[in-house]
Structure formats: structure tokens, C-alpha cells
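Student: Top line first, the protein sequences correspond to chains Y and Z. The letter at position 449 of the first sequence is residue 449 when you use this note's numbering, and the numbering goes up by one with no holes. The letter at position 63 of the second sequence is residue 63 when you use this note's numbering, and the numbering goes up by one with no holes.
Rather than coming from a laboratory, the hints here were simulated on the basis of the structure. Just so it is clear, CB atoms sit at the ideal spot from N, CA and C, and this is done for glycine as well. Take these hints with a grain of salt, some might be off.
The calculated label-pair distances, taken between Cβ atoms and stated as ranges, are [said to hold, decoys possible]:
| no. | chain 1 | residue 1 | chain 2 | residue 2 | range |
| --- | --- | --- | --- | --- | --- |
| 1 | Y | A21 | Z | S91 | 30 to 40 Å |
| 2 | Z | E36 | Y | E81 | 50 to 60 Å |
| 3 | Y | Q88 | Z | E36 | 47 to 57 Å |
| 4 | Z | Y99 | Y | L60 | 33 to 43 Å |
| 5 | Z | R74 | Y | G42 | 35 to 45 Å |
| 6 | Y | R41 | Z | Y99 | 31 to 41 Å |
| 7 | Y | L87 | Z | S91 | 42 to 52 Å |
| 8 | Z | N73 | Y | E81 | 33 to 43 Å |
| 9 | Z | S91 | Y | A76 | 44 to 54 Å |
| 10 | Z | S91 | Y | L37 | 53 to 63 Å |
| 11 | Y | L60 | Z | N73 | 23 to 33 Å |
Cross-link-like lysine-lysine pairs, in silico, DSSO-like; alpha carbons within 30 Å at most [to be verified]:
| no. | chain 1 | residue 1 | chain 2 | residue 2 |
| --- | --- | --- | --- | --- |
| 12 | Y | K68 | Y | K55 |
| 13 | Z | K75 | Y | K63 |
| 14 | Y | K848 | Z | K75 |
| 15 | Z | K75 | Y | K55 |
Computed far set for chain Y versus chain Z, every beta-carbon distance over 12 Å [claimed, not checked]:
| no. | residue |
| --- | --- |
| 16 | G57 |
| 17 | D290 |
| 18 | L316 |
| 19 | L343 |
| 20 | M533 |
| 21 | F591 |
| 22 | D701 |
| 23 | R733 |
| 24 | L854 |
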Amino acid sequence: MRGEAPLWRRYVRLFGPNLSADIDDEVRHHVELLIELYIARGLSPGEARAAAERKFGDVLTVKSDCEKIAQRRRRAMARAEMWDRLLQDIRFAVRTFARTPGFTAAALLTLGLGLGANTAVFSVVNAVLLRPLPYGEPEQVTAIWTRSTPESGSTIDFMGLSVPEFKDYRAAARSLSAVSAYQFRRSNFTGGDGSPDRIANVAATAAFFDVVGVRPVLGRGFRAGEDASGAQCVVVLSDGMWRTRYAARSDVLNQTMRLDGEVCTIIGVMPAGFFFPTTEVALWRPFAIDADAELSLDRGSHWFAAFGRLAPGASLTAAEAEVNSLMAAWRAEDDHHLGHFILLQPFRESLVGDDRTVLLVVLGGVGLVLLIICANLANLLLVRADSRRREVAVRVALGAGRARLIRQMMTESLLLAITGGVIALLTGPALVKLLTSLDPDAVPTVGGPTTLDARVLGFTIAVSLFTGVLFGLFPAFQVSALRLQETLKSEGRALTAGPRSLALRRGLVALEIATCLAVVSAAGLLVQSYQRMQAVDVGFTATDLLSLDVTLPAAEYAEPARVQRFYSDLRARVAALPGVQSTGLMSVLPFRTSPPSDGFRPEGRPDPQAGEFQIEGGYILTTPGAFDALGVPLVRGRHFDERDVSGAPLVAIIDETAAKMYWPGQDPIGHRIRYYGSDSLQWLTIVGIVGPVNYLSPRLDLRANVYAPHAQMPRQFYNGRAMMLLVRSHAGREGLITAIRGAVKAVDPTVPVTRISAMDDVVARALGRPRLAAGLMALFGIAALIVGALGVYGLLSYIVLSRTNEIGIRMALGADAGRVRREILLQGLTIATVGIAVGTGVALMSGKLLGTMLFGVEATDTATFTTGISVLVFVTALASWLPARRATRVDPLTALRS
Amino acid sequence: MPENPVEFLRGTMELLVLRSLTWGQAHGFSIARWIEGATEDSLTIEEGTLYPALHRMEERGLIEAEWGVSENNRKAKYYSLTEHGRAQLRSQTESFRRYARAVFLALEAPARAG
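Isolated chain Z (complex conformation):
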């Protein structure tokens, strides 16, 4: 674990959850694992907060849930992307890219002339 993990920016968790589900349905634990791995463990997250986020996204129709049985034969709730969620992921990814680029541009810009 790195020394100074970064806080989640608002709305980022939703984007990462959507992204994590692009490879197929997953339950909360595996979503958390994916985020951990994909971010090289550099984001702090109390994994519990994933669930209100998942349920809210389900309420908004971005993802849908279904009870199933996990690899080690335990019942688990599986989430998968809806069409709406897929579209949301596309547009959010695009706007996040533009946002991040803008911020980097500003941070790395040369000092003001004069």
C-alpha cells in the first residue's frame, strides 16, 4: 500500500464501478478487488461505501442486480451494466478525460510571462 493514498473525487467511484462491469457481471467484492488492482491500490476506499453507491446506481437504472451463486458456491448479488449504464460510462469517461486533461494542462503550464 503506498504511503499516501488519495481520496476519491466525487463521482469517480461511479465511473470506476461502471468501468469494472464492462467485462461482465460481478459482485461487490470482486468490483472492489478490480478497483484495487486497476488503481494499483492508490485510492483509499472503505469498501462498504461501495454498496450505497451500487444500490443508488441500481435505482437510477445504470446497473441491474440479480442473485446468484458464487465460485465457491455461496449466494451473492451480481451486478451488470444496463444499456443506460453503458451510455453513461461512455459519456462520463469522455468528460472525465477532458476534465483531467484541462487540469494537467493548467498544472504543467509555464509560469506567467512578465
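This is chain Y alone, in the form it adopts within the complex:
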């Protein structure tokens, strides 16, 4: 019958159940009873034992089976217990946080925002730098550039290729399995649903689809020979184009469209998500690099981009070495190749360019702010842990283990961190959206949208947990180092921290100040760089200036006379619009397209020898009125006017940069120049000099430019059909645009007006990245200062509070209030000094990392660092002054009584 377990067993159970002893007992009991049964039936003890063992079966197997089950149960119980404890810890942590809602809210707000900002920046980094490009084995795709060193006559790092060079590489390079030349274009498009439009497209040689390693989902790619000059035009649509203009119909194949007047047949549709080189590109078509006989033979005309696929097993460096050895061989045959090299670049890098540095710097900045937030939280948690020392001591006295206490503290900080992480996942994408809507041009993108994918999710979770461990470790160890007896005895003085923990807190605040200084000075350098870039005189006046593309279809405007008539009619109509101050057309606009750079020969000067720099400059077509509209002053000579038409003597205007570079100490007016190739028969007489214009970027040095009248179009390759209209007017933008559209329509209703933009915006866009970097870093700097100041304030308030007693006594004994105040202030400033000393070193190093992002300011700019340090000293003093003042307001009586 049922009875009480023997005492010894209950005792054993205190140390946990002894399962294998239990099994032994049970089995033995059974066998013994069997033996007794058999003896009772008349068997001898020996026979009874044998019979019992037969009846029972193999004892060892039974035992081992039972033990396996027992172990499985033990593990399951341990797991359940662990979850149970964790749940307990979490419940306890939630209760503790709920008791201090102010602290909890402050901690979650700073941490959530800090982590959110990190998530936001990382999601952009992920989209631009990490997400694989939508190509087959994307890491095998490489951009191919020419690099020319001064020996070649110019110095450019990333230059396009010429036709003969491209053909040579294509034929000879074994480490590239496929190469394709391509050119980015904008073309007038008619077809599908909707009105005529101007679309971005890429012309590429037939191997294009082999290089990208992606096939159309519908139809086919280019066939060999389809890129031959004179071949029938075929196009492959992007998924976006297929959806918007063809309603994703599957019968688009073999339909035709018009591109710049040419009839093209749709042969394929690319998969969704594919882009090359940007998402703007709506279709791909064959690129006839041989279309112009002269151009296709000229090694010096580097006019298109190229990319290739590395052969299986070939590395980028090996491929680069191979093509450069080919180049060396050609150098012996043709001195054009003197000083020419080939540069292979992972394709992503060619898309991302300098954005990588910008993004990594911003990520670093936001990471540092998070570090400051963590240090601050660690400090807050240390104070909290201190104020809970009695609670903890009591728990220890009641038998809670150290490990359990550490786990409890870590649970609290991890819970904080995870909640912060959840806030981050909610706010991060919103921050990206906010930033993009505030400054659409500033946030870099490559292809797809900036989304919350698995990588961003993983990053946020990892960083959240890491921060949790980071700021949770200090209080956890402080608690575990607690001396039980002292704490329990020191009743009433539970707030006083030990000297070690105070030193730790000072160290954390000093770390905050050091990090602050690094962020603030990086922000200072970037803001100054941006201001210097903004202040650069770009040579034109962007305000009140509207620009738009008016490109004529090639088929209808094959005749140069028709082209000229269109543009002069348009100019006359626009000039007559109310409120228009000046208007004109140009083939190139600052910061929108870079001028084609061509070598020319001034009359009476020998051609440059190999190794000498060639005389070259941007070549730009203009109509009368263009310089006025752009706001470029005439320095000497005259503007183009009605005399400068086809048939009249050819004229040119150069800018001051060209005048200084090529006619130093002379008056270039009246001098003549001519271009190379078939244009070499024409002499252009210089009739005027205009102010220099910076077409490329405020960051780059001025380059020489040559302007020719659109009415004369003295050079062969430039057909003058893609002009940009400039309109200077105070009139309201909307009305003006409508009026201009009307004017274009009146001249020819089939001509599209595209890319309408205020030149102010164009300039702002050109400075988008520096503005992003400067703006975000400034924001991070301010955030760092606020959090850092809170850190100083919190620490000193704590010190004052814990010394209330002592200060009270001193004041009662007649101590000078000013002296007490100074003492507290000094404590703050001592910490600041340590922080600043460390921070200056860090800031100098991080300044170097900014590298190419700096403009017009040294990475070690003394003024910036001095300002940064002064700001920090000021902020620290301010943050220390409030607690210092409170210290002297201590009423001795209250202080002593408390």
C-alpha cells in the first residue's frame, strides 16, 4: 500500500533525483518478488532465481532502455526549467522597468532612435554596397576602362574605349569570356500605350546578354550580327517598360516602336528586378560601333563604355595583367598607346563610385552616436544597479546565485536592447523615407529600392543584442562583485557608490566625450567642405534659370537646315513669351552632361610630341542668347550673332581658361584653330572670350572650353539635334513651363520636351552627396553633444546627490559656496579633459578617413578641431554647472537629517 518514501531518499532528492538508482531499485524489486513467487510454488532458491531471470528477460537491456528514457525526460525538464526561469527573469525585468517609467522611456527613446538611425543607414548601405547585382554570378562582371597617364597627352583615370581598342580586347583577351561595348542614350520613343516620350536606353554590342548572364523572360536577346551597322533595329524591353507601356501583354514580341524615328522590333522582355546600368533604362538595343567609318578606325576617340565577364577561374588582377600585356604589345606598333593602360573594376564599384566612402563615413558616424548612447545607458544602469544594491543583497542572502543575478541583469539590458531593436525596425525604414522625401537627390541608390530585407533584419538584431551586452555588462559585473555584508550593514547609505564603480562611470563619460569630439569634428570638416563647394564660383548664375531638353528625331530632322530652322523658330517664340529676360540653346549644360573633350590645333603651333600634353577642350554648340541666359560674361570680343550662319566664315568663342592655357600672354582673338580628323580642313576663327564655366563639378579644376555657333555646326560628328533650352525669367515656374511647351508644340507638335529642371536644383543635385554627408554628420554631431551632455550632467548630479551629506556638513561649518561649486565644476572639466585628450587622437585619425570627401579643408584643420574642443568644453561646463549650483543650495539641516 501507499506509504511515505524513506527519509534517505527524500534527502537524496534534495540533490536532484537519482534516476539510475531508482531504476535499479525498481528492477530489483520485481525480480525479488518473482523469486519469492517461484519459491512459494516449490522451486529451490537456485531454480527460482533462474526461472525469475528467464521470466524477466535481460536486466541490462531493460535498465539501459529505461535510462535512455530517463535522460530524455531530464533534458526536457531542464529546458522547461530554463524557459521558466527566463520567463521569470523577463517578468521581473518588466516589473522593474514599469516601476521607473521615466528611466525606461528615456532609455528606450535614445536607444530606439540610435538603433533606428543605424538601421536606416545600414539599409542604404545594404541596397548600394551589399545586395548582389541582378546579373548571373555578378562578381564576375567587370567594368573596362582606359586610363591615360600624362605620357599619353592627358591624364584621366576612368576613360571610355575606342573602337579599334575594343575590337582588339574582344579578340585577344582570354581571361574575359565576353565583352560588350555600350552607350547610355536618351531617345524619343513612340509606341505602346501613351504619348511619345523621351526614354533612357542603352545601346550595347551583341554579347551584352552573355556579359550580364541574364536571359530575357520573354523572347530572346541579341544575335551576333544584329549589332552590325545598317542592321534592322531590335529592342529588349525592361520589365517596367513592358508593364507601363505594353500592359505586360505577352504578344509584344514582334511589335514595332519608333526610337528617334527609327523603326525597331521588340524581340524580348527582361525579368523583373533586372537593371543595367540603372533602373532608369527602359530598353536595350544593339550598338553599331562601326556606324561611322572614320570613328571606327580612330584609336584616339574614346567614346563608349565597355564591360566584360571574367572567364571561369580568372581573377580580376590576372585579367587586368593580361589586357595590359596586350596593350604593351600594341604600344610597340602604335604610339597612341603610349601611356595608356587598362583598368578593370568590379562592376558594382563602377556603379557606386565615391558613394562607398560617403556611405561608410555616415555609417561610422551613426555607429559612434550609438556607442555614446550605449555608454550613457551603461552609466544610467550602473546608477540603477547601485540604488538596487540592497534589493540585490537581500536576494543574495536568500540564496540567489551570482550567475542568476548576472543573468537577471543581462536579461534587463537585453530586454531593453531588443525593445530598442523593435523600435529601430519600425523607425528605420521611416527614417529612410523621410530623408529621401526631404532631399531626393542625396540618398544614393543602385537599382532596387532600399528595403528591409533579411540582411538589414539580421544587422539590426545583431547590433541590438551587441549593444545590450555592451551596456549590460558593466552593471552585471558590478552587481556580481557586490560585497554582501558591507551592503547590508551600510543601511541608509545605499546610494554611495564605491570608488571603483565611480571610476568606471567617469571613464564611460570620458569615452562619451572622446567619441563626441570625433563625431563633432568630422561633422565640422564635412560641413566646411560642403560650404566651400557651394561657394565655388561655377561661372554661371543658376537662380531664375530654367533648363529643358528639346531633342529632335533624327529621321524627320536629317537636314541640318531643318534643325537650325526649328531651334531658331523656337528661340524666337520663347524670347517673345512674357517675363522671359533671355533665352538660348546649348548642347551641354553645367552639371547635367559633361562636354565632349576634343583635341585641337591652334594655327602656327606644332602638334604636341608624344609625352606632351595635347591641346584640348570641351566642345559646346550654342545659339545667340545662350551666354546671357546662362549668365556668363563676355570678357572680350563679341558674341555669336546673325552673321554667323552656315556658309559664313567659321567662328568660335573660347573661355578664359582656354585663353590662359593655350595663348598665355597673347590676345587669342583673331587666332584660328582646327580639329583633327576630317574636320581638319576647317579653320575656326576666335571672335570672343567668355568667362570660365565649371561644367563637371565644383570639386574639379576648371577645364578649357570651346564654343561654336549652332547655326554653323562646323564639325561632322555633332549633328546639333540634342539641344537644351535655357530660359531666364522671374515668371512663375508652372506658367512658364506651360508657355514653353506651347511654344515647342507650335513649332513641331511631335517634339517632346523632357527633363525640365530649375538650374538651382541641378546645382543642388550635383552637391547631393556632400550635402547628405555634411547634413547627416551635423545631425549626428548634435545628437552626440546632447547625449554626451546628458552623460556629464547625470554623472555630476549623481556625485552631488551622493555627497549631499558631506557638502551639508561643510556648508554648515561655513565653507565657501563658490569653492564647493568650483570643485564640482572641476570634476566635470577633468573628465572632459581626459575625454578631449583621447578624442583628439581619434578625431585626427577619423579626419584622415574622410579623405576624398574633404574639399578646401585639411583633415587636420586646426580651426575645426579648436572649435570642436571649445564646443565640448562649453557643453561640459554647462552640463556641470547645473549640478554644481544645486550642490551649494543644499540646506545643511536637511542634508544632515536625511
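With the hints as your guide, set chain Z onto chain Y.
Tutor: This is chain Z only, laid out in the frame that chain Y set:
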């Protein structure tokens, strides 16, 4: 002991153990005795295999165990049915009945016509 004892069908031992515990708690030996008596000793069983079965059933929450002292004052592990075990017994008994009936029906059915 009959001449040709029958092997246990899978799952039957569990059913018999559950059934044996309906009259109150019992230790392994008395469960074995009950099965022996109730089946008129016609099922072969190596009684040791009872224990892994008992422990597994305990793990699954069909029965629970408790150490106690037996009639002749020896400590023994007593098993008793849980609510879950009781429910299991009901449903298993029912399905075993249906199963056995179906098998008998088939075995005793007349020969196929034609």
C-alpha cells in the same frame, strides 16, 4: 502455461497496463501478475519490457509514479492513471474493439461466391 503463447501485438501492452491500473495504483510486479491472470497466461511477455513501457507512458503523462512501501514493507514504485491516461484507455479500448471485430468478421466470413 499453454503450449503456444501468442506474441504481444504492438500497442497492446500499453492498453493492458492502462486497464490494469483502473482498479487503483500498482507496482510493476503486480501489473505483470494481473496481465498474466487476466489473459489466462496466454501472452508471452518478458516482464522486463514492462518497465521501458511504463516509463515511456509516464513521460507521455498517461500514468504517474510515486515511491511507496509495499505490503511486505519493501519500497516500491507505484503507478497510477492520470486523467489523460483514463481518456486514452477509453479511446484505445474502443478502437481496439472495432479493430478486433473487423478482423473476426473477415476471418469468419463465408467463402467468396463464384
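Student: Are the hints correct? Go through all of them and say.
Tutor: Structure-based check of each hint:
no.: 1; hint: A21/Y - S91/Z: 30 to 40 Å; verdict: 36 Å, holds
no.: 2; hint: E36/Z - E81/Y: 50 to 60 Å; verdict: 40 Å, violated
no.: 3; hint: Q88/Y - E36/Z: 47 to 57 Å; verdict: 49 Å, holds
no.: 4; hint: Y99/Z - L60/Y: 33 to 43 Å; verdict: 35 Å, holds
no.: 5; hint: R74/Z - G42/Y: 35 to 45 Å; verdict: 23 Å, violated
no.: 6; hint: R41/Y - Y99/Z: 31 to 41 Å; verdict: 36 Å, holds
no.: 7; hint: L87/Y - S91/Z: 42 to 52 Å; verdict: 33 Å, violated
no.: 8; hint: N73/Z - E81/Y: 33 to 43 Å; verdict: 35 Å, holds
no.: 9; hint: S91/Z - A76/Y: 44 to 54 Å; verdict: 25 Å, violated
no.: 10; hint: S91/Z - L37/Y: 53 to 63 Å; verdict: 34 Å, violated
no.: 11; hint: L60/Y - N73/Z: 23 to 33 Å; verdict: 28 Å, holds
no.: 12; hint: K68/Y - K55/Y; verdict: 23 Å, holds
no.: 13; hint: K75/Z - K63/Y; verdict: 18 Å, holds
no.: 14; hint: K848/Y - K75/Z; verdict: 80 Å, violated
no.: 15; hint: K75/Z - K55/Y; verdict: 22 Å, holds
no.: 16; hint: G57; verdict: 3 Å, violated
no.: 17; hint: D290; verdict: 81 Å, holds
no.: 18; hint: L316; verdict: 60 Å, holds
no.: 19; hint: L343; verdict: 69 Å, holds
no.: 20; hint: M533; verdict: 73 Å, holds
no.: 21; hint: F591; verdict: 75 Å, holds
no.: 22; hint: D701; verdict: 81 Å, holds
no.: 23; hint: R733; verdict: 77 Å, holds
no.: 24; hint: L854; verdict: 69 Å, holds
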